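Number of protein chains: 2
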Amino acid sequence: MDEGQARRRTRGGGGAARRAERTAKRIEAAPRITRAIPDYELLSEAALQIIERNADTVLEEIGVTFSDNPAALARWRDAGADVRGERVHIPRGLARKLCATAPARFTQHARNPANSVEIGGRDLVLAPVYGPPFVRDAEGGRRYATIGDFRNFVRLGQMSPWLHHSGGTVCEPTDVPVNKRHLDMLLAHMTLSDKPFMGSVTEPSRAADSVEMAKILFGADFVDQNTVMVSLININSPLTFDATMMGALEVYAAANQACIVSPFIVGGAMAPVSVMGTLTQVLAETLAGVAYSQLVRPGAPVIMGAFVTSIDMNSGAPTFGTPEASQITYGVGQLARRLGLPYRSAGGFTGSKLPDAQAGYESANSLNMGLMAGVNFMLHACGWLEGGLVASFEKFVMDADQLGALHKMAAGVAMDEDAQAMDAIREVGPGGHYLGCGHTQTHFKSAFWRSQVLDYKPFETWEEEGARDTQALAGARVARLLADYEAPALDPAIRAALEAYVAEKKAAMPDAFT
Amino acid sequence: MDEGQARRRTRGGGGAARRAERTAKRIEAAPRITRAIPDYELLSEAALQIIERNADTVLEEIGVTFSDNPAALARWRDAGADVRGERVHIPRGLARKLCATAPARFTQHARNPANSVEIGGRDLVLAPVYGPPFVRDAEGGRRYATIGDFRNFVRLGQMSPWLHHSGGTVCEPTDVPVNKRHLDMLLAHMTLSDKPFMGSVTEPSRAADSVEMAKILFGADFVDQNTVMVSLININSPLTFDATMMGALEVYAAANQACIVSPFIVGGAMAPVSVMGTLTQVLAETLAGVAYSQLVRPGAPVIMGAFVTSIDMNSGAPTFGTPEASQITYGVGQLARRLGLPYRSAGGFTGSKLPDAQAGYESANSLNMGLMAGVNFMLHACGWLEGGLVASFEKFVMDADQLGALHKMAAGVAMDEDAQAMDAIREVGPGGHYLGCGHTQTHFKSAFWRSQVLDYKPFETWEEEGARDTQALAGARVARLLADYEAPALDPAIRAALEAYVAEKKAAMPDAFT
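Residue numbers (the UniProt record's numbering), protein chains in the order written: chain A, 1 to 514; chain B, 1 to 514.
Isolated chain A (complex conformation) (with noise of 0.2 Å):
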């Protein structure tokens, strides 16, 4: 039985199911991107040593603090590592050692096989904001996130050509209560998408009930020997792994279920003011987490992440798409290459409080890095406003326009002798136009990315439609996408079964709202 097979049997029902299939609106699937071009490679060859020696006397000699964990550290003096108290100091090679059986690369699959994603090597998988309490629009101004706007992202990423993946925490469901929001989150994603998701890492047993509502999704045996989750594991920088997030760490690598083990830095303040010194830390940070992951189930997939920011000395402010930020984000793709390990970093990161030209530049600045960086999974791609505690629509629409000039600028140069046109030269010749040539009109459809947002309209036409800036087109088509949205196609019986879950979950525990 293949994996094809197992997933028609498990899924069941049928006949409801081809239904639905019939009369869904068909989306296509954002096409895949495996970089043709080469990556960006800011640091010599002597600086990857240094950084590589530095991390492994990080390890060793300050070692890593794994709090309220004994678990963890039995693991970890089991493996060899000189454990005294809470601090895990790591003998000089072994993290890199441990780290040596994650996998290069691992498929995700998503209910609909057309959106499974590849992770690592050459791809780069596209994934939206993660975790603000806050929405914006320009509408509304700013306002706590509900269910509501939750889903409205999820129906919004369905909905995008660039966009790979559904996301996780795509902004915080603030009427849910703190307990049982894990439940609709995951509900939204396993139903109104068909791409890929996130699991919840809140709380250890909010990442089982991550994978239960998978295995009813996908079918138990299917996500017991497949991935189909990946989750963001944060290390609490500097050098130390929180029992929750261990927790749930290990709970899905147990599963064999994906996590991004990702420091979170604002540099200056979790790392030192340097480039050199924060790649150091994220190195040991990364090299600890992805070895840890294995000493749970050696083989269990894992993306080395960082996510790095520095700080405004002024305001004490995180900034974004600042040069610093892009080149740790540089180093860090070279360090992960050279492990062989996917990599997560990037996104269309910016501090604005608006979707204005600041957060043009700075989320440019950050995607462009991304793609550049060999960047294999990128949360945030789309969405994040005001230092990640907004959730914009208006910017995930904008973002996500922009995520198609990556997969063109991604998918490299043709050099073919249709693409040499040296036909189109000759026919033109001197002083001739190109616009009717028989060249010109074969490729001008696929020849230069278009944005389905910005303008690009004379002025006089512009003036009449009402001068709209980027966020007022952005608006509009946040409005036409949400009414244009169906769902797509699910067994009843699973979406049934999964409600049914989640009613249960709900009955069983009393609110909590911190």
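I should point out that these hints are in silico values taken from the structure, not numbers from a laboratory.
On a predicted model such as this, the values are computed, not experimentally measured, just so you know.
One thing to keep in mind: the hints can contain errors.
Pairs involving identical chains hold if they fit within one copy or between any two copies, as the list cannot separate such chains.
Said to hold, decoys possible - SDA-like mimics (lysine to any residue), calculated; alpha carbons at most 20 Å apart, straight line:
| id | residue 1 | residue 2 |
| --- | --- | --- |
| 1 | K215 | S44 |
| 2 | K457 | P133 |
| 3 | K408 | S44 |
| 4 | K457 | N314 |
| 5 | K506 | G121 |
| 6 | K445 | N314 |
With chain A held as given, fit chain B onto it using these hints.
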């Protein structure tokens, strides 16, 4: 006598200039950018060889047109080209051979020697927008540019801590007769700024005026022996060199002044829709143009240019910040390095009508591409709006601010022991905080690039201060810079001589407005 002595002697004056210097506000020169980071090598060796071979085929088989220019045809014939009518067929390899006498790098002198720039090699020189007939600011909207606007842009350029160059036609002073504009523009650059500037190219006689005024400013001997102007010679793509532009080039090359020889290409209209085809045409055109400059005067300083954008096939409008433009810009950079010529391209390009998010995305895409493509001279680095039809005051300072990030990025990553920060990592340890540690305290002022325009404030503060977007913040900076501006010191005798030259020239011509 060395260069400095020559200039001190020819400047004359003395007492008055020294007094003026003492009272003038000191503006720091923009720091030189010498890239300590690698270029991005997008195309393979095989692709580059194909382009080079095809470009030679274009030059030999199709040829280039030098229109209304018998002297140019004679020069080409003497050099061994096959001239048929106005079409010059350049035997394979000849153009490349002629380019060999062009210097790989040269100095463009400013009247303030601290502002002189090196053009070529690993250097990146940043210059403002060139050519818009309109200006825009939030208060006055979009309107025809005046000489008053022009002077204000020169003042803003002088005040920028990151911009190296005062530019040329920063906007078209449409209130001055066409045949006299160049005089007022040159006078503004020479008196309101002490950064390097560009000469006029709209008629050979105006190029001659530019050289004459430069001789008044720098001294005739100095100008004979040094490059004090860089001027923009556009090729009339495809493959056509018109008499006006070539006439200006002839004046400048003969006077040992530098020209940028640059196709102006909207892909799909003036070049094939494919990247490889456009690269082939760009290389053929610049090879012919640079070679011609060397026929006029072997050794004349010249910059290989490429202004490339693509066309929106729906509206026919040029588009900016697109992946295809980036691919071409990277490719031309590789070709220029193989030729050993300084390279001009990129800029803060956008098609947006407003300094909004679209402007931010597209400009950041273009600026990053310029840095990574190895550009040596970046015209249009700040102020460009609406496809180059508009010079925007707010966008001028927004872009100029982002140029600071390019400076920092270009500086690369320090890897000395202090930058490695191992002592800081030891001092802080797991769970600690870097804000208070000695390493942070020592470096926090210079560690991170900090915008002087963008908003980093807490949400509440930002809201209390009026919830300003980037355009509003930039508008405030424009007003502040213009209020703080003081003209750099200039020998009153030189100023008087420049004014007399302009007055005399103006009096000798009737006004012309077309």
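Status of each hint after checking the structure:
| no. | hint | in the structure |
| --- | --- | --- |
| 1 | K215 / S44 | neither (46 Å within a copy, 46 Å between copies) |
| 2 | K457 / P133 | between (36 Å within a copy, 19 Å between copies) |
| 3 | K408 / S44 | between (28 Å within a copy, 18 Å between copies) |
| 4 | K457 / N314 | between (41 Å within a copy, 9 Å between copies) |
| 5 | K506 / G121 | neither (40 Å within a copy, 66 Å between copies) |
| 6 | K445 / N314 | between (49 Å within a copy, 9 Å between copies) |
Hint compliance for this structure: hints 1, 5 are not met, and every other hint is.
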